[in-house]
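*Asks:* Read off the chains here:
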Amino acid sequence: EAAVTQSPRSKVAVTGGKVTLSCHQTNNHDYMYWYRQDTGHGLRLIHYSYVADSTEKGDIPDGYKASRPSQENFSLILELASLSQTAVYFCASSGTEEVFFGKGTRLTVV
Amino acid sequence: GDSVTQTEGLVTLTEGLPVMLNCTYQSTYSPFLFWYVQHLNEAPKLLLKSFTDNKRPEHQGFHATLHKSSSSFHLQKSSAQLSDSALYYCALSDGGTGSKLSFGKGAKLTVSP
Numbered sequence: 021e022a023a024v025t026q027s028p029r030s031k032v033a034v035t036g037g038k039v040t041l042s043c044h045q046t047n048n049h050d051y052m053y054w055y056r057q058d059t060g061h062g063l064r065l066i067h068y069s070y071v072a073d074s075t076e077k078g079d080i081p082d083g084y085k086a087s088r089p090s091q092e093n094f095s096l097i098l099e100l101a102s103l104s105q106t107a108v109y110f111c112a113s114s115g116t117e118e119v120f121f122g123k124g125t126r127l128t129v130v
Numbered sequence: 160g161d162s163v164t165q166t167e168g169l170v171t172l173t174e175g176l177p178v179m180l181n182c183t184y185q186s187t188y189s190p191f192l193f194w195y196v197q198h199l200n201e202a203p204k205l206l207l208k209s210f211t212d213n214k215r216p217e218h219q220g221f222h223a224t225l226h227k228s229s230s231s232f233h234l235q236k237s238s239a240q241l242s243d244s245a246l247y248y249c250a251l252s253d254g255g256t257g258s259k260l261s262f263g264k265g266a267k268l269t270v271s272p
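Keeping their order, the protein sequence lines are chains A and B. Position in the first sequence (first residue = 1) + 20 = this note's numbering. Position in the second sequence (first residue = 1) + 159 = this note's numbering.
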């Protein structure tokens, strides 16, 4: 089955600090995505990419940056973490068929 | 832009009763519709997807029918099982089955004995 690996799986960050969430896929997929999950809001798209060295804004990009240095790797960067960014973050990848999700990263900003 | 409205919040059922989760959508194009299921502490996984030839997708006893006239893709199952307890998301894509998804807010289904 398609594999998407996220690290870390959980993290506690300090307000104002920098946070980097990493994602690695071994599916040879062109598309990669970062979603945020909050109770009452569902899954919302932050950034996505369809080719290395290029990223696109999703529906809620403010406060987040993304980096796609290679086809396999896609990072989400919070330059100045805020309390409102406490959430579960999912990375996903897709080719021409279904979207496959990683197991998520639980981020708590204190 | 594209949007999905689905049954949301908490849905509680007794084992053996039918399951019905509603999903309607708005899209400029003819989108693909999906149901994703997420069990506790797991990743969301594809449960069903709409077909371009109007076949009714079925998986694990669940089925859904795409009705373009009413812009709906409701999820149904005749008899709920305890193992169906999970979070269910309706989603759409206008770029095919492997492109970015717009999700509804999710419904947490709890099936009790």
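Careful, some of the hints might be misleading.
[What the hints assert, rightly or not] Under the rule of at most 30 Å between Cα atoms (straight-line distance), these lysine-lysine pairs were calculated in the BS3-like manner:
1) B:K264 / B:K236
2) A:K123 / B:K227
3) B:K236 / A:K38
4) A:K123 / B:K267
5) B:K204 / A:K77
6) A:K31 / B:K236
7) A:K31 / B:K264
8) B:K204 / B:K227
9) B:K208 / A:K123
10) A:K123 / B:K236
11) A:K31 / A:K123
12) A:K85 / B:K264
13) A:K77 / A:K31
14) B:K204 / B:K236
15) A:K85 / B:K204
16) A:K85 / A:K123
17) A:K77 / B:K264
[To be verified] Away from chain A, derived, C-beta distances all over 12 Å, residues of chain B:
18) L172
19) E174
20) G175
21) V178
22) T187
23) Q197
24) R215
25) K227
26) S238
27) S242
28) D243
29) A266
Hints are computed from structural coordinates only; laboratory data are not their basis. Glycine is no exception: its CB is placed at the ideal position from the N, C-alpha and C atoms.
*Asks:* Which hints from the list above does the structure break, by number from lowest to highest?
*Replies:* When the structure is compared with the hints, numbers 2, 3, 6, 23 and 29 turn out to be violated.
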